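Student: Construct the entire structure; sequences and hints are all you get.
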Amino acid sequence: MSPRERASSVTRAFRAPRQGTSAQISSRNASTPRALTSGRPPDPPLPLESLFDAAPEAWVALHVRSTSTNDIAVAPTIASSESAAALAHLAEIAGGFTSRVSLEPPDAVLLEVRGSFRLFGGAQRLCRQLLDRCGAAGYALHWSLAPTPLAAIVLARAGQGAIVLARDRLVGLLAPLPLALLRWPDDALERLDSVGVRTLGAALRLPRAGFARRFGPKLLLTLDQLTGAAPELRRPVARRERFRAQVEPAFELQ
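According to my numbering, the residues represented by the sequence shown are 79 to 332, in order.
Warning: the hint list may mix true and false statements.
Taking lysine to any residue pairs in the SDA-like style, the calculated list, with each CA pair at most 20 Å apart, reads [to be verified]:
1. 296 / 269
2. 296 / 313
3. 296 / 261
4. 296 / 276
5. 296 / 308
6. 296 / 265
7. 296 / 286
8. 296 / 182
9. 296 / 307
10. 296 / 282
11. 296 / 275
12. 296 / 262
13. 296 / 322
14. 296 / 315
15. 296 / 329
16. 296 / 310
17. 296 / 311
18. 296 / 280
19. 296 / 284
20. 296 / 283
21. 296 / 312
22. 296 / 266
23. 296 / 328
24. 296 / 277
25. 296 / 279
26. 296 / 285
27. 296 / 309
Computed spacing ranges between beta-carbons, pair by pair [stated by the list, open to error]:
28. 309 / 283: 34 to 40 Å
29. 197 / 314: 25 to 31 Å
30. 134 / 329: 57 to 63 Å
31. 200 / 283: 16 to 22 Å
32. 170 / 193: 35 to 41 Å
33. 197 / 288: 45 to 51 Å
34. 314 / 163: 17 to 23 Å
35. 287 / 159: 40 to 46 Å
What the hints contain is simulated information worked out from the structure, not anything from laboratory work.
These numbers come from a predicted model, not from an experiment.
We put the beta carbon where it would ideally sit given N, CA and C, even for glycine.
Tutor: Here's what the structure looks like:
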């Protein structure tokens, strides 16, 4: 079994939030987003991490569920025009929550929402409204919120659906997930698999100097960006400028 095939089977075990890793949101007047649950029971309540020691950034990843493959460690094979149109539409929806929106082709959109919490009543309500709008537009999504963009993407690919605000809790949540969720080159994954390194936690525990020599500084940088040890610069989506004006005709129209 290849590393990607093993990752596909392992990630299915992480679809439901694990008990004891985060507090469950509950409210008499709040319900889980139902726009994404057509024809099936409601999703579990959104898990919420403590607001204490929150990281300065909070990234939401919206990962489009693919119908072409069940392996979420592999980029889906969809038409580039279809993918671009879907991501552009999701980015437009995301723009209603923040101006910091970026694309992760071919199947994800990222938005930084830390500055929008107060406007939308907190992380929980923001995520509910965002998911409701995406669901109303017909999108089936995996999603997560995390202190770094790459962590949000990885958690979304794993189907975690978690809100993680504290950076010190991030590594523990990422550790058991398959390394293939990073979508590294197959040769790197196979070499790591051959020495028993199959999870993110195992990769993070490797000696940094030896890892850089064997697999290159680029992959080491990816691990640092995953945990927030190194920044990840992302290109924002250019928002379309709109202009509207009204002119009264200088003559009478018949």
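Student: Range hint 35 to 41 Å: satisfied by the CB atoms of residue 170 and residue 193?
Tutor: violated (19 Å)
Student: Please test the hint of 45 to 51 Å on the beta carbon pair from residue 197 and residue 288.
Tutor: holds (46 Å)
Student: Does the alpha-carbon distance linking residue 296 and residue 269 stay inside the 20 Å limit?
Tutor: Holds, because 16 Å separates the two Cα atoms, which is no more than 20 Å.
Student: Measure nothing beyond the straight line between the CA atoms of residue 296 and residue 280; if it is 20 Å or shorter, mark the hint as holding.
Tutor: holds (18 Å)
Student: Starting from the range 34 to 40 Å, see whether the pair residue 309 and residue 283 falls in it by beta-carbon distance.
Tutor: violated (22 Å)
Student: Measuring from beta carbon to beta carbon, are residue 134 and residue 329 in 57 to 63 Å?
Tutor: With Cβ atoms ~58 Å apart, the hint holds.
Student: Hey, residue 296 versus residue 266, does the alpha-carbon distance stay inside 20 Å?
Tutor: Answer holds: residue 296 to residue 266 is near 12 Å, not above 20 Å.
Student: Mind checking the alpha carbons of residue 296 and residue 311 for me, to see if they're no more than 20 Å apart?
Tutor: Status holds; Cα separation ~14 Å.
Student: Do the alpha carbons of residue 296 and residue 310 lie within 20 Å of each other, as the hint requires?
Tutor: holds (12 Å)
Student: Given the hinted pair residue 296 and residue 262, is their Cα-Cα distance within 20 Å?
Tutor: holds (11 Å)
Student: Is the hinted pair residue 296 and residue 261 satisfied, with a Cα-Cα distance of at most 20 Å?
Tutor: Holds: residue 296 and residue 261 sit about 13 Å apart, inside 20 Å.
Student: When you check the alpha-carbon spacing of residue 296 and residue 322, does it fall within 20 Å?
Tutor: Distance of about 46 Å is beyond 20 Å: violated.
In this structure, the earlier hints numbered 13, 14, 15, 23, 28, 29, 31, 32 are contradicted, and the remaining ones agree with it.
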